[in-house]
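Given the sequences, and given the hints that come with them, work out the whole structure.
4 protein chains.
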Amino acid sequence: MSVLLEFSMFPTDQGESVSAQVSLIIAEIRASGLPYRLTPMGTIVESERLSEVLALVERCHQVLDQAGCRRVYASLKLDIRKGQSNRMQAKLESIQEKIGEVAV
Amino acid sequence: MSVLLEFSMFPTDQGESVSAQVSLIIAEIRASGLPYRLTPMGTIVESERLSEVLALVERCHQVLDQAGCRRVYASLKLDIRKGQSNRMQAKLESIQEKIGEVAV
Amino acid sequence: MSVLLEFSMFPTDQGESVSAQVSLIIAEIRASGLPYRLTPMGTIVESERLSEVLALVERCHQVLDQAGCRRVYASLKLDIRKGQSNRMQAKLESIQEKIGEVAV
Amino acid sequence: MSVLLEFSMFPTDQGESVSAQVSLIIAEIRASGLPYRLTPMGTIVESERLSEVLALVERCHQVLDQAGCRRVYASLKLDIRKGQSNRMQAKLESIQEKIGEVAV
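Chains as they are written, first to last, in our numbering: chain A, 117 to 220; chain B, 117 to 220; chain C, 117 to 220; chain D, 117 to 220.
Derived from the structure by calculation, the hints contain no laboratory data.
Each hint should be verified, as a subset may be incorrect.
If several chains are the same, the list does not tell them apart, and a pair holds so long as it fits within one copy or across any two.
Stated by the list, open to error - Dumping the calculated EDC-like pairs for lysine to aspartate or glutamate here, alpha-carbon to alpha-carbon at most 16 Å:
hint, residue 1, residue 2
1, Lys198, Glu164
2, Lys198, Asp181
3, Lys198, Glu132
4, Lys214, Glu144
5, Lys198, Asp129
6, Lys214, Glu174
7, Lys214, Glu168
Treat the numbers as computed from the prediction; the structure is a model and nothing was measured.
Here it is, written out as structure tokens:
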């Protein structure tokens with residue numbers, strides 16, 4: 117099974133710029149050892165188990181909680197598919213095979 | 117702490133109508149005992165703990181997996197706020213106090 | 117065609133409580149005349165045309181812009197289905213027919 | 117003003133693999149001339165105007181409609197910020213300045 121999670125999480129009580137808090141989250145994701153990719157709108161993580169990515173989401177919230185954030189918002193998308201793996205790269209290649217070069 | 121989760125989850129390999137599969141998920145949510153509200157676009161659940169709502173999401177996926185779904189998509193929004201509780205109703209009332217009657 | 121939009125929009129530069137700003141958005145939606153339902157995590161709107169709901173999203177942002185918000189976040193889900201109408205109620209009834217009473 | 121849109125759109129009535137349909141959407145985005153980046157979970161587009169990215173979303177749906185899709189699902193996130201531009205790259209650099217190298 118391949119679980120792809122796209123998620124963003126940020127405090128809404130810390131003013132207009134939240135890159136300091138978001139950096140804490142990205143560091144937590146990087147430390148997880150899971151394959152990930154940072155994008156301008158969130159982070160994509162892949163795992164073979166749903167529980168693993170959800171546990172990571174929970175740890176990311178703990179990081180913000182410990183940093184003093186009182187209100188946190190998060191948005192998640194999950195694409196879970198049986199009998200597949202390493203889709204993070206494969207999904208991009210599948211598109212490029214069909215329509216040629218795209219910006220990634 | 118109050119954790120509000122809005123989420124929808126559905127198979128994408130089971131054809132145009134997925135109300136049979138979505139019903140399995142709603143039954144799982146209802147059985148959780150957590151306060152919830154079904155909407156035309158998903159379900160809202162409240163808990164004092166993030167781990168509790170994430171565990172529910174995982175069980176909902178297991179239900180679809182056991183029903184033979186090979187590809188499952190989910191979309192989640194989390195609004196987590198310290199020092200508050202019972203926000204499912206309070207958020208609606210807060211809006212109505214400001215602008216009068218709204219459709220809920 | 118039936119277009120169901122679930123969306124939430126809020127400023128992230130206005131502090132922990134944003135119900136004043138969210139109220140402006142709900143008032144704009146209510147004034148649109150489209151069928152809608154306010155939930156604790158957003159608003160659901162139905163239309164026969166995608167352009168109509170997207171124009172509403174744009175007006176909602178203008179309202180926040182005019183209220184002095186410098187950074188605005190929004191999350192939208194769209195469920196667009198041909199050959200159907202009045203799905204806001206029908207989707208709920210379809211679930212209830214299958215598993216009995218649910219909290220709505 | 118900088119409008120960042122992250123979005124994914126796909127048919128739910130066309131079976132387990134939808135890369136053919138998703139490719140049509142990516143081609144439409146690429147043809148728009150707007151700065152964009154394809155990710156394994158969606159596409160990120162930047163513009164100075166909200167109306168421009170919403171019009172693109174509408175065209176993407178038209179492409180799927182013309183390809184015979186009867187039910188289409190979409191998920192969108194918007195991050196709209198005044199007084200800034202070219203944030204697609206700047207947001208990534210801001211994170212890297214704080215915590216060092218990350219996978220992008």
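The hints, checked one at a time:
1. Lys198 with Glu164: within (9 Å within a copy, 32 Å between copies)
2. Lys198 with Asp181: Between copies, since 9 Å is at most 16 Å while 34 Å is not.
3. Lys198 with Glu132: Between. Shortest inter-copy distance 10 Å satisfies the 16 Å Cα cut-off; intra-copy 40 Å does not.
4. Lys214 with Glu144: between (35 Å within a copy, 13 Å between copies)
5. Lys198 with Asp129: between (39 Å within a copy, 11 Å between copies)
6. Lys214 with Glu174: neither (37 Å within a copy, 22 Å between copies)
7. Lys214 with Glu168: neither (32 Å within a copy, 26 Å between copies)
Hints 6, 7 from the list above are not met by this structure, while the remaining hints are.
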